[in-house]
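Colleague: Each chain, letter by letter, is given below.
There are 2 protein chains.
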Amino acid sequence: MALEIERKFLVNNFDPSIADQSNRIVQGYIHSDENKTVRVRIKGDKGFITIKGKSDNEGLSRYEWEKEIPVEEVNELLKLCEGGVIDKIRYDVSVNNHTYEVDVFSGDNEGLTVAEIELSSTDEHFIKPDWLGKEVTGDTKYYNALLMQNPYKNW
Amino acid sequence: MALEIERKFLVNNFDPSIADQSNRIVQGYIHSDENKTVRVRIKGDKGFITIKGKSDNEGLSRYEWEKEIPVEEVNELLKLCEGGVIDKIRYDVSVNNHTYEVDVFSGDNEGLTVAEIELSSTDEHFIKPDWLGKEVTGDTKYYNALLMQNPYKNW
Chain C
1 MALEIERKFL VNNFDPSIAD QSNRIVQGYI HSDENKTVRV RIKGDKGFIT IKGKSDNEGL
61 SRYEWEKEIP VEEVNELLKL CEGGVIDKIR YDVSVNNHTY EVDVFSGDNE GLTVAEIELS
121 STDEHFIKPD WLGKEVTGDT KYYNALLMQN PYKNW
Chain H
1 MALEIERKFL VNNFDPSIAD QSNRIVQGYI HSDENKTVRV RIKGDKGFIT IKGKSDNEGL
61 SRYEWEKEIP VEEVNELLKL CEGGVIDKIR YDVSVNNHTY EVDVFSGDNE GLTVAEIELS
121 STDEHFIKPD WLGKEVTGDT KYYNALLMQN PYKNW
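Protein sequences, first through last, are from chains C and H.
Using full-length UniProt numbering, count along the first sequence one by one with no gaps and you end on 155.
Using full-length UniProt numbering, count along the second sequence one by one with no gaps and you end on 155.
Since the hints were derived computationally from the structure, they do not count as laboratory data.
Incorrect hints may appear among the rest.
One copy or two, either will do: identical chains are not told apart, so a pair holds if it fits within one copy or between any two.
[Said to hold, decoys possible] Below 27 Å or equal to it, Euclidean Cα-Cα: the simulated DSS-like pairs (lysine-lysine) are:
id, residue 1, residue 2
1, K54, K67
2, K153, K134
3, K67, K128
Computed from a prediction, not measured in an experiment: that's the story for all the values here.
Hey, can you work out the whole structure from these sequences and the hints?
Modeller: Here's what the structure looks like:
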């Protein structure tokens, strides 16, 4: 069973030029409740379907299943998603031996930038660069599924 | 877009010996509402994930997306399914140039047997063998997702 251990932070004054790469992400939710989500995503020129379980450990870890699928199939499945899509640019930023995924949102979530780091254990050490802001791990309002229901512009 | 055109019938006095093959099917629902379902299934020694959209044409046609995935992954995803599983034996029965899928349910739906035939158009001609009973196409209570919520033994 794939268990995802992640920590999430707000980002201050992010400079995209420090990123190793960037991809546009467009994603929607076939289903989303507090126990699980079924997400379809286009990232760059690739498509994915992802199912996530409930968060454990105060939001630190979560069961995740993911498969790559053709972009055309994601486009079909996006038609089943209610409430529109999340649209963002994801920048991958290497810091020491980790990669931060920095998401700069557009559309109704414009102005919001968050960074996630994936860890192999809950006590793994990692470096916090100076552009990293407040930690928001486990704060459900920053879940992408909830950013679609209650976007940043309404906060 | 894959559109599934199917008709569904009750079955009287089914003789399993007329089947070309049979497989046990165990399946659960990650999500199910009137607009869409997300199903995981083990059929024989294979695993599948299937997403179906809303029925059209009085239940005749429905958008369907399906991918084969490893059985171990289905077993993980079944843990996310609420309300248990559907357990049945599926018999494939050739009749002329079509195949009827005859599902003999067990567990809480024991006693129920239904047959489905997939057509390439809504007006395609097909033969009805004498073991075929009343047509129940579009009757939502025979949807597997609903048979889990309100099983045959409660009818």
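Colleague: A separate judgement is required for each hint: does it hold in the structure or not?
Modeller: Verification of the hints:
no.: 1; hint: K54 to K67; in the structure: both (19 Å within a copy, 24 Å between copies)
no.: 2; hint: K153 to K134; in the structure: within (19 Å within a copy, 54 Å between copies)
no.: 3; hint: K67 to K128; in the structure: neither (30 Å within a copy, 40 Å between copies)
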